[in-house]
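**Q** Single-letter residue listing:
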Amino acid sequence: MKRKAGPGLARTGEAQPSMPDAAVLSIRNVSKSFGPRQALAGVSLDVSKGEMIALIGPSGSGKSTLLRSISGLQAIDPGDGRIEAFGGPVQENGRISGKVRQIRTRIGFIFQQFNLVGRLSLFSNVALGSLGRISPWRGVLGLWPEETRLAVMAALARVGVADYAAQRANTLSGGQQQRAAIARALVQKAKIILADEPVASLDPVAARKVMESLRDLNSQDGLTVIVTLHQVDYALRYCRRVVALKAGRVAYDGPASLLKNEQLIDIYGPEFEDVFWEGAPT
Amino acid sequence: MSAAPALSADVPAPPSRSMAQRAPDLLVWGAVLVLLLVAFKPVEMDHFAKLFTNSENMRQYGAELLKPDFTDWRLYVDKMWLTVQIAMWGTFLAVIIAVPFGLACAKNVSPAWIQQPMRLLMNLLRSIPDLVLGTLFLVAVGLGPFAGVMALAINTGAVLAKLFSEAVESIDKGPVEGVRATGANRLHEIVWGVIPQVAPHWTSYALYRFESNSRSATVLGLIGAGGIGQLLFETMNAFDYHRLSAIVIVIIVAVTLIDLLSQAMRSRLM
Chain L
5 MKRKAGPGLA
15 RTGEAQPSMP
25 DAAVLSIRNV
35 SKSFGPRQAL
45 AGVSLDVSKG
55 EMIALIGPSG
65 SGKSTLLRSI
75 SGLQAIDPGD
85 GRIEAFGGPV
95 QENGRISGKV
105 RQIRTRIGFI
115 FQQFNLVGRL
125 SLFSNVALGS
135 LGRISPWRGV
145 LGLWPEETRL
155 AVMAALARVG
165 VADYAAQRAN
175 TLSGGQQQRA
185 AIARALVQKA
195 KIILADEPVA
205 SLDPVAARKV
215 MESLRDLNSQ
225 DGLTVIVTLH
235 QVDYALRYCR
245 RVVALKAGRV
255 AYDGPASLLK
265 NEQLIDIYGP
275 EFEDVFWEGA
285 PT
Chain V
57 MSAAPALSAD
67 VPAPPSRSMA
77 QRAPDLLVWG
87 AVLVLLLVAF
97 KPVEMDHFAK
107 LFTNSENMRQ
117 YGAELLKPDF
127 TDWRLYVDKM
137 WLTVQIAMWG
147 TFLAVIIAVP
157 FGLACAKNVS
167 PAWIQQPMRL
177 LMNLLRSIPD
187 LVLGTLFLVA
197 VGLGPFAGVM
207 ALAINTGAVL
217 AKLFSEAVES
227 IDKGPVEGVR
237 ATGANRLHEI
247 VWGVIPQVAP
257 HWTSYALYRF
267 ESNSRSATVL
277 GLIGAGGIGQ
287 LLFETMNAFD
297 YHRLSAIVIV
307 IIVAVTLIDL
317 LSQAMRSRLM
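As they're listed, the protein sequences go chains L and V. The numbering used here puts the first sequence at residues 5 to 286. The numbering used here puts the second sequence at residues 57 to 326.
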């Protein structure tokens, strides 16, 4: 499916990618089964630098599986399925590449459950983002270089939680933790952000702040963002391109503006209004 | 029956366990009972009544114990302190042993080909009694506290390795994945993802073992590893019940104090 800037572009306020055709992610015919259940069935997707993509679909449609496979947190099925990031393989033929750590340093991952280390301070959690680029023994001992320390505070300030830097992560609200997780990806200097249901555990106000942080990273810093969402209205509001999965297959890939109710009914079934958090469009 | 609504066909019956599902439970409990009955005679449980018929002997022994002789209390306290120091070093070395071995025994950290043999090795070490290890080290390094320290370190090290590995196996894997997703290496994942989650449990286990090692170190004194135990043994052999009583009181007070201290520290951790 062609991805041309549709009429919906203007309302998203998304920055034009500087290199429209620079592919940063290439997913080719990827399948993944968990026992008898097939989570992904031959998914192919190309992602260009600077895109902000919403990955939607009903529960169990394979959204999380796809993101986890891109980051090499999970091996795909053997076969000709292949995932490449920045031109290098993440995994092929069911094997995660030996260089996956290198690639992961440039891919920030935001989890539904934040996945901060609860007993560590927010500062330490965000500093972990630099583990991939500082000397390994400094990383082990937690001797963060000055550059990291400054980057951490700048990132925390940017997402609005710098005041809590010294607090243990598990003493903060879900929204604050999720913004710290975004700060960790910033310190990581990630070029791609994969966000797996980043707002599913949050209330609408916190959710909007997190989505705005993600959009800000996309438009200000030109980061490529792929975000899985349960809420279709959020997908339409924040992302120009929407990819919908249904039972492990790509059911829609195109501009958010061209996603019609008929297609949503096809993807979610007749009760598709339920997937709008703040009300379905009339 | 006529009152049953027409829906009843759609409502499944309440769950019930079949005889086949209950059989394993019955078998296990039955076996426990049989074993207890078999063991009744060998342990002379039929002598239970003697507790009451021979009570005169016990009263005499008790009466002597009731008059403790504290003339040499400085010596007792000194020896008790040595015993506590044996326990401290034994536990400290045990923790040093248990951290790497505990991680090596954990399913979610180590590959099976390391984890399985390690687990076997720890089981083996754990099954050797302190006293046997103590005797072994007495032969190796001679009489004295160091043999006691080493015996405690090996035995407790193996016990703590098992407890540590169980704590590691019960962690939340989310934060570990969070660290992994930043491009961190395996050691980083353990230091930043695993250790912070298990640290309170590990500390608590180590403190608990320090408590019980203070008692074990006393027993180790019996075989010549120094400390209050050795004094206890000598006094017992001399049938000097007045001094024995004083020594036992010193032990009870010291061990109770250590228990209280360590419990207070553990409750702060959790």
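Since the hints were made in silico from the structure, they are not lab data. Cβ coordinates follow ideal geometry from the N, Cα and C atoms, glycine included. Do not take every clue at face value.
Unchecked claim - Calculated Cβ distances over 10 Å to all of chain L for the following chain V residues: (1) Ser72; (2) Glu112; (3) Trp129; (4) Leu149; (5) Pro173; (6) Gly230; (7) Val235; (8) Arg236; (9) Asn241; (10) Leu243; (11) His244; (12) Val247; (13) Trp248; (14) Val309.
Stated by the list, open to error - Below, computed lysine-lysine pairings styled on DSSO-like, alpha-carbon distance capped at 30 Å: (15) Lys264(L) / Lys250(L); (16) Lys163(V) / Lys213(L); (17) Lys97(V) / Lys123(V); (18) Lys213(L) / Lys103(L); (19) Lys193(L) / Lys123(V); (20) Lys195(L) / Lys106(V); (21) Lys163(V) / Lys103(L); (22) Lys195(L) / Lys213(L); (23) Lys103(L) / Lys229(V).
**Q** Each hint should be assessed against the structure and marked as holding or not.
**A** Hints, verified against the model:
| no. | hint | result |
| --- | --- | --- |
| 1 | Ser72 | holds, 29 Å |
| 2 | Glu112 | holds, 60 Å |
| 3 | Trp129 | holds, 45 Å |
| 4 | Leu149 | holds, 23 Å |
| 5 | Pro173 | holds, 26 Å |
| 6 | Gly230 | violated, 4 Å |
| 7 | Val235 | violated, 6 Å |
| 8 | Arg236 | violated, 7 Å |
| 9 | Asn241 | violated, 6 Å |
| 10 | Leu243 | violated, 6 Å |
| 11 | His244 | violated, 5 Å |
| 12 | Val247 | violated, 5 Å |
| 13 | Trp248 | violated, 6 Å |
| 14 | Val309 | holds, 36 Å |
| 15 | Lys264(L) / Lys250(L) | holds, 16 Å |
| 16 | Lys163(V) / Lys213(L) | violated, 39 Å |
| 17 | Lys97(V) / Lys123(V) | violated, 37 Å |
| 18 | Lys213(L) / Lys103(L) | violated, 34 Å |
| 19 | Lys193(L) / Lys123(V) | violated, 75 Å |
| 20 | Lys195(L) / Lys106(V) | violated, 81 Å |
| 21 | Lys163(V) / Lys103(L) | holds, 24 Å |
| 22 | Lys195(L) / Lys213(L) | holds, 21 Å |
| 23 | Lys103(L) / Lys229(V) | holds, 22 Å |
Comparing the model with each numbered hint stated earlier shows that hints 6, 7, 8, 9, 10, 11, 12, 13, 16, 17, 18, 19 and 20 do not hold.
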